[in-house]
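Chemist: As a plain string of letters, each chain reads:
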Amino acid sequence: MSHPLLSVDELRVTIGGQPVVDGISFDIAQGEILSLVGESGCGKSMTAFSVMGLLPRAARLSGGRVMLDGTELSALTETELQALRGNELAMIFQEPVASLNPLMKIGRQIEESLIVHRGLEGREARRAAIDMLAEVGIPEPEIRAGQYPFELSGGMCQRAMIAMALICRPRLLIADEPTTALDVTIQAQILDLMKKLRDETGTAILLITHDMGVVAEMADRVAVMYAGRVIETAPVDALFARQEHPYTRLLLKTIPRLDGEPKETLPVIEGLVPDIGQWPEGCRFSPRCPLANDACRKAVPPLASRRDIGSTACWHAEQVGAI
Amino acid sequence: MAATTATTPRPTKRSIPWTVLPFAAILVALLLIAILAPLVAPMDPNTQNLLARLKAPGFQARGMTYFLGSDELGRDVLSRLIYGARVSLLVAFASVTLSGIFGTVVGMIAAFYRGWTETLIMRLVDIVLSVPAILLAIITVAVLGPSFANVVIVLSMTRWPRYARVAYGQTLSVANMPYVRLSRFMGAGWLRLLSRHILPNIAGALIVVATLEFGLMVLFEAGLSFLGLGVQPPTASWGAMLATGRNYVATAWWIATFPGLALFLLVLSINLIGDHIRDRLDPRGR
Chain A
4 MSHPLLSVDE
14 LRVTIGGQPV
24 VDGISFDIAQ
34 GEILSLVGES
44 GCGKSMTAFS
54 VMGLLPRAAR
64 LSGGRVMLDG
74 TELSALTETE
84 LQALRGNELA
94 MIFQEPVASL
104 NPLMKIGRQI
114 EESLIVHRGL
124 EGREARRAAI
134 DMLAEVGIPE
144 PEIRAGQYPF
154 ELSGGMCQRA
164 MIAMALICRP
174 RLLIADEPTT
184 ALDVTIQAQI
194 LDLMKKLRDE
204 TGTAILLITH
214 DMGVVAEMAD
224 RVAVMYAGRV
234 IETAPVDALF
244 ARQEHPYTRL
254 LLKTIPRLDG
264 EPKETLPVIE
274 GLVPDIGQWP
284 EGCRFSPRCP
294 LANDACRKAV
304 PPLASRRDIG
314 STACWHAEQV
324 GAI
Chain B
1134 MAATTATTPR
1144 PTKRSIPWTV
1154 LPFAAILVAL
1164 LLIAILAPLV
1174 APMDPNTQNL
1184 LARLKAPGFQ
1194 ARGMTYFLGS
1204 DELGRDVLSR
1214 LIYGARVSLL
1224 VAFASVTLSG
1234 IFGTVVGMIA
1244 AFYRGWTETL
1254 IMRLVDIVLS
1264 VPAILLAIIT
1274 VAVLGPSFAN
1284 VVIVLSMTRW
1294 PRYARVAYGQ
1304 TLSVANMPYV
1314 RLSRFMGAGW
1324 LRLLSRHILP
1334 NIAGALIVVA
1344 TLEFGLMVLF
1354 EAGLSFLGLG
1364 VQPPTASWGA
1374 MLATGRNYVA
1384 TAWWIATFPG
1394 LALFLLVLSI
1404 NLIGDHIRDR
1414 LDPRGR
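Taken in order, these protein sequences are the chains called A and B.
Just so we're aligned, residue 4 is where the first sequence starts under the numbering used here, counting upward by one.
Just so we're aligned, residue 1134 is where the second sequence starts under the numbering used here, counting upward by one.
Keep in mind that the hints were calculated from the coordinates and are not lab data.
On a predicted model such as this, the values are computed, not experimentally measured, just so you know.
Some hints here could point you the wrong way.
Claimed, not checked - Computed list of lysine to any residue pairs in SDA-like fashion (alpha-carbon distance at most 25 Å, straight line):
no. : chain 1 : residue 1 : chain 2 : residue 2
1   : A       : LYS108    : A       : LEU79
2   : A       : LYS108    : B       : ASP1177
3   : A       : LYS108    : B       : LEU1164
4   : A       : LYS108    : B       : PRO1333
5   : A       : LYS108    : B       : LEU1332
6   : A       : LYS108    : B       : TRP1323
7   : A       : LYS108    : B       : ASN1309
8   : A       : LYS108    : B       : LEU1326
9   : A       : LYS108    : B       : VAL1400
10  : A       : LYS108    : B       : THR1273
11  : A       : LYS108    : B       : ARG1325
12  : A       : LYS108    : B       : VAL1261
13  : A       : LYS108    : B       : ILE1166
14  : A       : LYS108    : B       : ALA1227
15  : A       : LYS108    : B       : LEU1324
16  : A       : LYS108    : B       : ALA1338
17  : A       : LYS108    : B       : LEU1183
18  : A       : LYS108    : B       : LEU1362
19  : A       : LYS108    : B       : LEU1327
20  : A       : LYS108    : B       : SER1289
21  : A       : LYS108    : B       : THR1198
22  : A       : LYS108    : B       : LEU1269
Can you build the whole structure from these sequences, using the hints too?
Modeler: Encoded structure:
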C-alpha cells in the first residue's frame, strides 16, 4: 500500500454549533472496501457528505482535511468539485426508487454523467448506458433503458443507480446503506454485484451501514463509530474474531446467532445513544459501558493502535474480552 | 422498443367525463372561431351603418342579417363578438405565458438558493400581491398609454406572484427528493438540476394554476377594457362592448347581453377544465 486513495484526517462537522462528526480519521486504499458502522445519528452519513463536499445546508465543515489521491478536497472550488462528483467520486443512496427521477427514462439518467463529465451525447452515450446496465446485471438492457423508474422493481432501481454511479469509472464509490430498503435475497445480489464490480474495476468503496451481516459479507476493513467518533478500526476478520472496544463487543453480542443456544431474550446494550450536543465528558460510551470507571468519565481515550492491524479508543482494551 | 409498451402495464387513459365534455367543446369552438374570425364573421366588425343603429337581433339591411342586432354605431354585434374573442383569448394567452414563465423561474430560484435570495424574492411577491391590480393598471396605462401590449404587461406584472408561490413551494419539496440529491452527487450543475430534474416534476401544479389563471385573465382584460384602460376602440373587445352596452341596456339589451354571455361561457369552460386537470394531477384524487 503506497499512499491511500482517500484520506480523512481529523474531520469535524457541526450543525448549529453542535459537533456531529468530532474529529474522525480513516484511510481507504485503492480497491479497498472500508465499512463505516454505527447507529443512526453517529455521524456516518455526515462523513460521507463531507467527502463529497455536499453537506446539508445547516451543517458546516469546521475542521480537518479530506484528501483524494493527494488533492485536498476542501481547498477546491465548487466547479472543481462538480467535475469530481460522479466522475472520480460517486455515491449511491438507500432509497433506490426515490433516487431516480420519476419522469426520466432509466437510460437517460445513466447518460447524464457522461453528458456532464465526458461531453458524450447521442448514440455513443446511449450505447455506453446500455452496456453499463448489462454490466450491473439488468436483463434486456435495451428495453430497460427506455423505461421509467416506476416500471422497475426496487432491486432493479438499485442496480440502475449503481450503473449511474459507475458509468464514469469513479475511483471511490460511497454507498450509504445501499441495501437497507431491499429484501434479503435482493440484498445479497446487490452486495455480490458491488463486490464483483470492485474486483473488476478496482473502485474503492466506502460502505456505510448499520448491518453487521453486510459488514461481514463485504468489508475488507471496518471502522466503528459511536457519537461522532471512530472508536475502533480493524480488518474485518480480526474485528469479528476479537473486539477491543466494549461497544463493538456488545454490538456483536446483540446479534442473534443461528448456531448458538436459543435464548429467551436478546441481549441489549443498556441505555440510549446520547443526543447530539449532549455527549458526556470523557469516553462517550462510558455511561453505558460495564467497564467504565472514573478515569473513563474524565478523559477521552485516544484511538491507539494495537497489534499493528487496527486501533481502539478504550482505556480498558485488554479487559474487553471478558464482557 | 415497441414491444415494451405491449408487455408492461401503463396507467390507463381515462376519458373526459360527460360533465366536462360540453365545456371542452365550447372552448375548442371559441378557439376556432377566434382563429378563423375573418372567415366566420358575417360582416366587418368596424363597418358602421348609421341607418341601422341599435337594431334588434334579426334585423336586415342591405341584404345582410344582423343576427345578434347592431350597436350604437350600426356595427354587427355578432361580428364584433367574434373579433372580440380574438382579443380576449390572445391577451389571456400572452399574459399567462409571460407571467407564468417569469413567476416560475423566480419562484424556483427562490426555493433553490434559499437565504437572502429567497427572502428578497418572496417578500417582493408579498408586496406585489398587496398592490391593488386596478390601481397598478391605471398608473401603468397613464404612463405608457393604453394598448394591447400594455394590457399584457399590466396583467403579467400583477399575476406572476401566483406562479412564483406555487413554483416556490413545489421546488422546496422536490429539491429534497433523493433523485435531485443524487443528481447533485453525480456532478450536475444548478441549471441542469432546475431544468431537467425539478421543472418537469413541478410542471403539473403549474399547469393547473395557469389554466385557472387563464379564465381570470379573460375577466381582467374585460374589466380593463370596460374601464377604458384596455384595448382601444374601434378594436372590438368584450369588455368594451359591455361598457358601451351599459348605456343602452334599457333600450337595446343585446349590445351588453351577448358579450356578457360569451364571457360567462368562456370563463366557466376554462374553470371547469382547470378543475378537471387539477383532479387528474392530484395524487390524492387517484
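Chemist: All hints are to be evaluated individually against the structure, with a verdict given for each.
Modeler: Going through the hints against the structure:
Distance hint between LYS108(A) and LEU79(A) is unfulfilled; the C-alpha atoms sit about 33 Å from each other, more than 25 Å. This hinted pair does not check out: LYS108(A) and ASP1177(B) have alpha carbons roughly 52 Å apart, beyond 25 Å. Our distance criterion of 25 Å between C-alpha atoms is broken by LYS108(A) and LEU1164(B), whose separation comes to about 35 Å. For the hint linking LYS108(A) to PRO1333(B), the alpha-carbon distance of about 13 Å falls within 25 Å, and the restraint holds.
Simply put, LYS108(A) and LEU1332(B) have alpha-carbon atoms about 16 Å apart, close enough for the 25 Å limit, and the pair holds. Restraint check for LYS108(A) and TRP1323(B): the C-alpha separation of about 20 Å stays at or below 25 Å, so the hint holds. As the CA atoms of LYS108(A) and ASN1309(B) are separated by approximately 20 Å, the hinted pair is consistent with the 25 Å bound. Restraint check for LYS108(A) and LEU1326(B): the C-alpha separation of about 16 Å stays at or below 25 Å, so the hint holds.
A threshold of 25 Å between alpha carbons decides the hint, and for LYS108(A) with VAL1400(B) the separation of about 37 Å lies outside it, so the pair is violated. The hinted pair formed by LYS108(A) and THR1273(B) fails the criterion: a straight-line CA distance of about 47 Å is larger than 25 Å. A C-alpha spacing of about 16 Å is found between LYS108(A) and ARG1325(B), which places the hinted pair at or below 25 Å, so the restraint holds. Between LYS108(A) and VAL1261(B), the direct Cα distance comes to roughly 39 Å. Violation of the 25 Å bound is thereby established for this hinted pair.
Our distance criterion of 25 Å between C-alpha atoms is broken by LYS108(A) and ILE1166(B), whose separation comes to about 40 Å. Pair hint LYS108(A) plus ALA1227(B) does not hold up; C-alpha atoms about 32 Å apart against a cutoff of 25 Å. For a cut-off of 25 Å, the pair hint linking LYS108(A) to LEU1324(B) stands: about 19 Å separates their Cα positions. Pair hint LYS108(A) plus ALA1338(B) holds up; C-alpha atoms about 21 Å apart against a cutoff of 25 Å.
With a C-alpha separation of about 65 Å, the suggested pairing of LYS108(A) with LEU1183(B) is violated against the 25 Å cut-off. Distance hint between LYS108(A) and LEU1362(B) is unfulfilled; the C-alpha atoms sit about 49 Å from each other, more than 25 Å. Restraint check for LYS108(A) and LEU1327(B): the C-alpha separation of about 17 Å stays at or below 25 Å, so the hint holds. Distance check on the hinted pair: LYS108(A) and SER1289(B) sit about 35 Å apart at the alpha-carbon level, beyond 25 Å; violated.
A hinted pair counts as satisfied when its Cα atoms are at most 25 Å apart, and LYS108(A) with THR1198(B) does not qualify at roughly 58 Å. At most 25 Å may separate the alpha-carbon atoms for a hinted pair to count; LYS108(A) and LEU1269(B) exceed this at roughly 46 Å.
Consistency with the previously given hints fails for numbers 1, 2, 3, 9, 10, 12, 13, 14, 17, 18, 20, 21 and 22, ordered from lowest to highest.
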